[in-house]
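Asker: Protein chains in written order, with the numbering used here: chain A, 725 to 1203; chain B, 66 to 575.
The hints are simulated quantities; they were obtained by calculation from the structure and are not laboratory data.
Remember, it's a predicted structure, so these values are computed and weren't measured experimentally.
Do not take every clue at face value.
What the hints assert, rightly or not - Pairs of lysine-lysine residues, derived as DSS-like cross-links and limited to a Cα-Cα distance of at most 25 Å, are as follows:
#1 A:Lys1156 <-> B:Lys231
#2 A:Lys882 <-> A:Lys826
#3 A:Lys753 <-> A:Lys826
#4 B:Lys438 <-> B:Lys267
#5 B:Lys521 <-> B:Lys438
#6 A:Lys1157 <-> B:Lys231
#7 B:Lys231 <-> A:Lys1148
#8 B:Lys438 <-> B:Lys546
#9 A:Lys1157 <-> B:Lys437
#10 A:Lys1156 <-> B:Lys170
#11 A:Lys727 <-> A:Lys826
#12 A:Lys1073 <-> A:Lys826
#13 B:Lys508 <-> B:Lys437
#14 A:Lys753 <-> A:Lys882
#15 B:Lys521 <-> B:Lys170
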Amino acid sequence: MSKTDLISLIPLWILSSAAILIFFSVSVKRNHKWIFIITVLSFIGDFIWLITYSIRPEHQHAIEPLLVFDGFGIFNIGLILLTTLIVAMMSYAYFEQREERKEEYYILLILASLGACIMVISKHFVSLFLGLEILSVSLYALIAYLRTRGRSDEAGIKYLILAAFSSAFLLFGMALVYATTGSMEFNAIANWLNQNSNEMPLMMLAGFGLMVVGVGFKLGVVPFHMWTPDVYEGAPAPVTAFIATASKGGMVALLVRFFHALNGYQYESLVWIFASVAIASMFVGNFLALRQNNVKRILAYSSIAHLGYLLVAFLAGGKLGVEAISFYLVAYFITSLGAFGILATLSDKERDAELLEDYRGLFWSRPVTATAFSAMLLSLAGIPLTAGFIGKFYLLAAGIQSQLWLLAFILVINSVIGLYYYIKVLAVMFDKKQHEITSEQLNPLVYIMSSFTMAILTILLIWIGVNPSYMMDLIRGVI
Amino acid sequence: MILLILIIILMAGGILAGISSRWSTSLPRWISLIAVVVNFVLSINTWLDWNFRTNITDNTWILDYSMPWIQPFGISFHVALDGLSLLMLILTFFLGIFAVLISWKEIQYRVGFFHFNLLWVLAGIAGVFLTMDLFLFYFFWEVMLIPMYFLIGIWGHENRQYAAYKFFIFTQASGLLMLLSILGLYFIHGSQTGTYTFDYFKLLGTVVAPGIGLWLMLGFLAAFAVKLPVFPFHSWLPDAHSEAPTAGSLILAGLLLKTGAYGMIRFVLPLFPSAAAEIAPWAMLLGVVGILYGAVQAFSQTDFKRLVAYTSVSHMGFVILGVFAFNELAMQGVVMQMITHGISTGALFVLAGSLYERIHTRDIQQMGGFWKKIPFMGVIAMVFAMASLGLPGMGNFVAEFLTLVGSWQANPTLTILATIGLVGATAYSLRIMQKVFLGPEAKLHHELHDLSIREKLILVPMSITIIVLGVFPQFVLNTSKAPVKSVIQDNVSQPVSEVQSIEMKGGTHE
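Next comes chain A alone, as it looks inside the complex:
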C-alpha cells in the first residue's frame, strides 16, 4: 500500500480513530457531553478534509483492487458524513433525557457510518461485504439500544435475524458469480461478461438473483420489506433516521456503481426484476401506509414507496438517471432527517411521539415545530417550494427521457395515493383540538441544539426547493 493510498484513506481513518478514541475515553470517564463533542468534531473534520482535499480530481484514485475514490463516491461519503452528523446532533437531546448509558451509542453510530462509507466506494465484493457487515452489526446494537423498551428488543432481534439471512443470500450470490467469472471485482466481472457472450449464463443469473435479495433487504423494497415498519417503530428515533437515510443511501450508491460497471441495462431479465420490484414497492408501500395510525410506521411504509420511486430513475440509467438519484437522495435525506428529528424532539422520557394523536393541534401549540414538520411532509409528498418536489421532478424527467412511460405513470399515481396519508398527518396537526404536552423540561441548551438542527434542515429543504441550480451543478460536477 503506497503513501498516496494511505492519504486517500484519511476520511476512513478519521472515523475509525474517533471510534477508538471514544472507546478509550469511555473507559476513563463517562461524560456524555465530551463524547458528543468528539463525535461532532470528528465528523466535521472529516467532512472538511473531504471537501478540501479528497474532492480535487488529482487526488482521486483507486486503491486496487478494493476501493475507488471518485467523484460519485466522495459525494456519497460527504452525504453520509453530514447525515450522521445531524443524526448525532439530534441524538444528544434525545438520549440526554433517557436513563440508559449513552456513550457507547456514539461509537456504534460512527462505526455504522464507517461501514456505509466503505460501501459507497467499494468496487469489489470483499470490500462491499466488509462495509455492509460493519454497518449491519452496528445497526443490530443501535436498534436495540434502549433495552428497557420491549419493542426495541423485538426490532433488534428481527433485524438481526433477517439481516443475517440476507447476508447469507448475498454471499451465496457472490460465490456463484465468482465461480462463473473467476473474479470478484466489478470491472473484471463486466469484462468477462463482455468477452464471453451476450447471453448471461444461468449460474450467473442465479447469483445476481440471490444478490438482489441481499440488496433488496437493505433497501427495504418489496418483497423484502417486512422488517421496515417494525424496526422503524422499535428503534430509537435518531437510529430510525439513520436507517432511513445513510444505511439505505449507501446501498443505493453501491447498487448504482455495480449496475453501471456491469452495464446491467443490456440484460432484460435484470431490468425486469428491478422494474417489478419498483412497481411493487410503490404500490405496497403506499397502500399499507394508508391505514396506519403510527407516524413512524407511516414513514416506514412511505420509505418503501420512496425507494420504489428512486428505482425508476435507477432503471432510467444514463447520466440524468444518476443525477436524479443523487439529487433525490439529498432531498430525501434532508426530509427524513427532519421528520425523524422532529419526532425525536417531541418524544418524552417514556416513549417516542409516534402516535397520530400526539400531533393533534400541534400547529397551534408549537407553531414553529409544526411548520417545520409540515414542510417535511409536503416535501415527502413532492409539493413545490420544497426539495422533495424538485427531486420528484428529476426522477420523472429521468424516467421520461428514457421513455419509461409506464413507470413514470405509476410513479404519478402513487404520488397521489401517498398524498392521502401525508395530508392525514397534516390535517391532524391543524386540528382545532389540542393535545396537552406534558414533557419535563431539560436544560434549555439541549433544546436549542435540536431546534437549531431542525431549523437548518428546514431552511435547506426550502432553499433547495426554490433554488436547486446550485445543488444540480454540484452533482453534475462530481459525477
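Given chain A, work out where chain B should sit, using these hints.
Answerer: Showing chain B alone in chain A's frame:
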C-alpha cells in the same frame, strides 16, 4: 418587472399578515386589504396605460419579464402579460378585495394564518395567469393548491375535512399528469432542436407525432378539465364549494375554475392544435352534457351553496363548448363567460355566506319570504339570479350569446342542446328567488337584518360591474381580441423582452 412585483406584494403581504396576527387580529385584515388593493390599482393602471399608449390590435404582448431560474434544465422565471392575462389579473384582484372584505367578520379563528393562505392562493392564481414557462406554470399551479386546501380544511363547514381531501387529491392527481406531459414535451422539443427549455414560446413550434401529441394533450387537458370542471371530473366541486368558507367559495368559483379555462386557451390549443381539433367534438359533447347535468342537479339541491356550485358546473360547460368551437366569436364568449361567471357566481356565494352568518343554515327549505325583512339583499339577489339565467343586459347574456353563436358554426346540433341549458338556468335561478326571498315566510330562530355597509361595499360594485359588462362589453372584447385571434389563427407571437441583456440558455442533457 411590475408583474414580478405584483406576485411579490401578495407573497410578502401574506407572510406579513401571518406574523402580524401576534399583535392584533385586525392588522392581518388591513395588510391583506392593502396588498390586494395596491395590486388592483397597479393592474388597472397597466390597463389604462396600455389603452392610451397603443392601437389596441397591433400588439399582443403588453409586458414581458424573464430571468434565469434553474439553468441546468433551462427553466426561467418568465412572466408576460397580454390582453387575456390582463383581464384575468384584474378579475383576480377585484374578487380578491371582496374575499378579504367578506372574511372581516366571518373569520375569527387564526386570523393571521387565514390571510396568509388567502394571499398565497391569490399569488398562485396571479402567477398561473402570467407565467410563460411551463415549469413555472406547474409550480404556481401547485402553489395555489396547498393554501386552498388549508382554507377549506381549517375554516370550512362541518364536512370540511372530506371536502378538502377530495379537492386536494383530484387536483393534485390531474396536475401530476400535466407534469408528465410537460416533461414529455420538454424532451421531444429538446431532442429535436438541441435546446432543452420549458419556455412557452420556444415550445410552441414543436412538431409532435400525432399519436404522442394526443396523449400529451390529454395530460394537459386532465389538469384543466378537473379544475374547470368538465362533466365526469366535477365531483370534487360541489363538496369543496359548499364546505369552504365564503371567501374560499368566492375564490374557488370566481378564480380557480377560471385557471382551467385559461389553461385550455393558453396552452392546449396553441401547443397541440391538431390533437385539439381531433378531440373537439368529444370535448364539446362533454361540455353540453355538463351544461344540462349541472342545471338538473342545481335544480334539485336544497343546500344553497351546493345549488350555486352546480350552476358553476353548468356554466363552465359553456366554456369548454366555446373553446373547442375554434372560432373567434365563441372564444370571445368564453373570455366574457370567465369574467361574468366569476362575478355573478362569486356574488351568489357571498349572498349564501351572509345568509348563513345570519340564520346559521344553508338549507333553502328553511328559508322563505325574506324579501320583506331584507329588501336590499333581495334586490341584489335578484340582480345576480337574473345574471345567472342570462337575462339580456347582464354580462352573462353577452357571454353565453357569443358562445352559442360561435359554436353554432362548429356544431349546430350540440348548440341546440346547449341552448336548452338556458331554460334550465332560468328554472334554477328563479327557484332560488322563489324559495329564499318569496313564498311563505319561514319561522326563524335568529334575527335577520339587512346588509351591512361592508357587505354593501362588496355586493354593490359587483352588481354595477355585471350590468356594465352587459351593456358595454366592447371594452373587454377589445382587450382580449388580439390574444384570442392569435390562438384561433395558431400564430402566437413572441414578446419583445423587457430585459434584452439576459441571454436565456437551455438545459443540457446527454
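Asker: Please go over all the hints and tell whether each is borne out by the structure.
Answerer: Each hint tested on the structure:
{"no.": "1", "hint": "A:Lys1156 <-> B:Lys231", "in the structure": "holds (20 Å)"}
{"no.": "2", "hint": "A:Lys882 <-> A:Lys826", "in the structure": "holds (23 Å)"}
{"no.": "3", "hint": "A:Lys753 <-> A:Lys826", "in the structure": "holds (12 Å)"}
{"no.": "4", "hint": "B:Lys438 <-> B:Lys267", "in the structure": "violated (60 Å)"}
{"no.": "5", "hint": "B:Lys521 <-> B:Lys438", "in the structure": "holds (16 Å)"}
{"no.": "6", "hint": "A:Lys1157 <-> B:Lys231", "in the structure": "holds (22 Å)"}
{"no.": "7", "hint": "B:Lys231 <-> A:Lys1148", "in the structure": "holds (12 Å)"}
{"no.": "8", "hint": "B:Lys438 <-> B:Lys546", "in the structure": "violated (45 Å)"}
{"no.": "9", "hint": "A:Lys1157 <-> B:Lys437", "in the structure": "violated (41 Å)"}
{"no.": "10", "hint": "A:Lys1156 <-> B:Lys170", "in the structure": "holds (19 Å)"}
{"no.": "11", "hint": "A:Lys727 <-> A:Lys826", "in the structure": "violated (37 Å)"}
{"no.": "12", "hint": "A:Lys1073 <-> A:Lys826", "in the structure": "holds (14 Å)"}
{"no.": "13", "hint": "B:Lys508 <-> B:Lys437", "in the structure": "holds (13 Å)"}
{"no.": "14", "hint": "A:Lys753 <-> A:Lys882", "in the structure": "violated (33 Å)"}
{"no.": "15", "hint": "B:Lys521 <-> B:Lys170", "in the structure": "holds (14 Å)"}
Checked against the numbered hints above, the structure violates hints 4, 8, 9, 11 and 14; every other hint is satisfied.
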